[in-house]
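If you're matching positions, the sequence shown starts at 78 in our numbering and goes up one per residue.
Take the hints with a grain of salt, since some may be wrong.
What the hints assert, rightly or not - Derived DSS-like pairs: lysine-lysine, alpha-carbon spacing no greater than 30 Å straight-line: (1) LYS115 x LYS181; (2) LYS115 x LYS200; (3) LYS200 x LYS181.
Calculated from the structure, these hints are not laboratory results.
Note that this is a predicted model, so its numbers are computed, not measured.
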Amino acid sequence: MPALARQTAETGGPLTPTPYCDDGDDPTIPQTEGPYFKPNSPQRTVLPGAGTPLTVSGYVFGLACQPLANVLLDFWQADNSGAYDNITYNFRGHQYTNAQGAFKLTTIVPGLYPGRTRHLHVKAQAPGRPILTTQLYFPGEPRNNTDTIFDPRLLMTVRTVGTGREATFDFVLNVPGVPPTDPPTSPPPGGGTWQVGVTYQAGDRVTYGGAAYRCLQGHQAQAGWEPPNVPALWQRA
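Using the sequences and the hints given, assemble the complete structure.
Below you can see the structure in the form of structure tokens.
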């Protein structure tokens, strides 16, 4: 399954990575809720407002590395000036993972809150399971070194695209389950080297449907995760 988000520091040295999703994996670590959580946020995947555009996408897995559908993800963050809105629901919203355990949030890069590095807040809850409260961070931020709450295991993978930024992060919740059975390998429609059941590592290259792709995160391929369908895992080469 896909690895959790990881990134290389701007200096060229590796950051402490979050663990790969595999059998018996440790769940994503919790962090403090902070003083600005507000319940009953609106259900929406877009948090509108002025600032640098940001999308955050990824998957939610259980301990057995199975994607989890219908997981509630409640996001809240500071605006472009570093302020939280506790009167209305500006830059607050919740959504649910789809049948493949995927989510996508469209928002802006949060401003700097006094005393903290740049971050996003999130609560994640699988149906009938406990709530995970944590925070997500941006690589290369100067305040990462001085923020007493910052944890490199919660770094997103972030890249600049045009005038905006794209981030990825995969959550592992404390939900037991049975590891998925390896499906038989089969050639993709239209020909190519990508195959269901193969374990790919970051940097591997495949072809699918006449196009070349480079693997971004280690995972075991399965039906529905063809390279064009999962930009968090594959990038056009």
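Hint check results:
Among the hinted pairs, LYS115 with LYS181 is consistent with the structure: their alpha-carbon atoms are about 21 Å apart, no more than 30 Å. A threshold of 30 Å between alpha carbons decides the hint, and for LYS115 with LYS200 the separation of about 11 Å falls inside it, so the pair holds. This hinted pair checks out: LYS200 and LYS181 have alpha carbons roughly 14 Å apart, not beyond 30 Å.
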